[in-house]
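J.: The whole structure should be built from the sequences, with the hints applied where relevant.
There are 2 protein chains.
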Amino acid sequence: MTYCVGLRLRRGLVFMSDTRTNAGVDNFSTTKKMFTWEVPGERVITLMTAGNLATTQALISLLEERSKTPSERSPSILERPTMFEVARLVGATLKEVIADTTGAGPAASSRFKASVIVGGQVKGGLPTLFLIYPEGNFIEVTEDAPFFQIGEAKYGKPILVRAYDPDLSFEDTIRLLMVSFDSTIKANLSVGLPLDLQIYANDSFTIEEQSRVEADDAYYQSISESWGDALRNALMDLPPYKRA
Amino acid sequence: MTYCVGLRLRRGLVFMSDTRTNAGVDNFSTTKKMFTWEVPGERVITLMTAGNLATTQALISLLEERSKTPSERSPSILERPTMFEVARLVGATLKEVIADTTGAGPAASSRFKASVIVGGQVKGGLPTLFLIYPEGNFIEVTEDAPFFQIGEAKYGKPILVRAYDPDLSFEDTIRLLMVSFDSTIKANLSVGLPLDLQIYANDSFTIEEQSRVEADDAYYQSISESWGDALRNALMDLPPYKRA
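Those sequence lines, one after another, are chains A and B. For the record, in the first sequence the residue sitting at position 31 is 31 according to the UniProt record's numbering, with numbers rising by one throughout. For the record, in the second sequence the residue sitting at position 243 is 243 according to the UniProt record's numbering, with numbers rising by one throughout.
Incorrect hints may have been included.
Unchecked claim - Output of the computed footprint for chain B on chain A, the stretches with three or more beta carbons under 8 Å from beta carbons of chain B:
1) 44 to 58
2) 172 to 181
Said to hold, decoys possible - Derived EDC-like pairs (lysine to aspartate or glutamate); straight-line CA-CA distance at most 16 Å:
3) B:242 <-> A:144
4) A:242 <-> B:85
5) B:186 <-> A:144
6) B:123 <-> B:85
Note that these hints are calculated values from the structure, not bench results. On a predicted model such as this, the values are computed, not experimentally measured, just so you know. Note that the Cβ used here is the ideal one computed from N, Cα and C, for glycine as well.
T.: Have a look at this one:
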């Protein structure tokens, strides 16, 4: 499984992804699921993947390759004029990879599906996020739905729904995301540390912060440990139940 | 879908279930999913169901019918000597219902599976809870795993994991469960109010409290409204993130 969140604030975009991949509980490893294309001053595009690893690796490889060989027929992710066109390109490439796999040849019992969050900003446009489906189509964030989750989304969703605010600082957003990831990691063995983290500030056209939260990260540990107490205290602050 | 939780405390058992059933988002209604058999002074047995409604209704009807006709070959739920034997009876009856449905005749695209939480106390034994699978086998609560959830379990699990304590009072447990149900109801349309609630105190052999939390219940509303603020305050109490 996987857990990735992409979130739009008034001041910019924040991305967080876990790094665990597994094919059964006895076969797991650490793999990066966050990828970035940057043309400083002109565009920053960040992409996170969930689903079949062969599919998502082929997707990234094709996007990479085609951004380096301009003679390739398919246009480069570095040259699409808008984020909408970037999303269309990623969607078409994802669909192409899945179609290639599911055509002739031996069939696997597991499916080859994958989902993608892609976000960023291209000069001349606004920063935005898209959620791309295995079918190649996609939806964009809105004021009413300002974040996307892919993978194991349920455990970490209630805290995001309750505590997200478009005016959050980057620091408070990271703290919120760490709580959301911690709830998920505690509940599903197939989501695991380290976490990749990226911040993009509006109209900067460069990555503001990119870092990896390792399993022994002192700050993550302190969040994980204090959140249980904080939740219990929050419960105690609620009005008490009185029996009839 | 459905959401039910059965929870063992040092002082007794607490059960909560929602009441929404649906076959598609345009076809839903309110159905009780909590059922009780009581022989005051001798036994209290409470059962909650999730899954195919035809299956769970048939299960309850068979258990009811067989508790009223002593000549029926299968033994009555009111006469099994221990909670373990009650769980075996419920498991066998559930398996029988599913086998009857999946035999000859037209096949449905949806499956006939159901899961059950059964708990209570029979004189001479301890109060306990079992989670019964569609295959008819079951597991029992332990010190390490002191509660069971069936149905849409993920959204409401993190708060249970963090805030459950075997020494909780019944009142604090109900408050905790309401928060867990509220998180689920906010995230999944197929889980809905009203909620059924039941409390059993150890060695009382009678139901201590049984009530229904309606959609306009003032206490539930106050919990639902204050929990967002409480969570945001809890987040603010966590150590702040400092960027490198």
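J.: What's the verdict on residue 242 of chain A and residue 85 of chain B, does the C-alpha distance respect the 16 Å limit or exceed it?
T.: 35 Å, violated
J.: Need the status of pair residue 186 of chain B, residue 144 of chain A: alpha-carbon distance at most 16 Å?
T.: The given pair, whose Cα atoms are some 15 Å apart, holds under the 16 Å limit.
J.: Given the hinted pair residue 123 of chain B and residue 85 of chain B, is their alpha-carbon gap at most 16 Å?
T.: 13 Å, holds
J.: Residue 242 of chain B and residue 144 of chain A were given as a pair; does the straight-line alpha-carbon distance stay at or below 16 Å?
T.: Distance ~29 Å between residue 242 of chain B and residue 144 of chain A Cα, so the pair is violated.
J.: Please count how many residues of the region 172 to 181 of chain A have a CB within 8 Å of a CB from chain B and say whether that reaches 3.
T.: holds (count 6)
J.: Closer than 8 Å Cβ to Cβ for three or more residues is the test here. Does the region 44 to 58 of chain A pass it with chain B?
T.: violated (count 0)
Consistency note: the structure conflicts with the earlier hints numbered 1, 3, 4.
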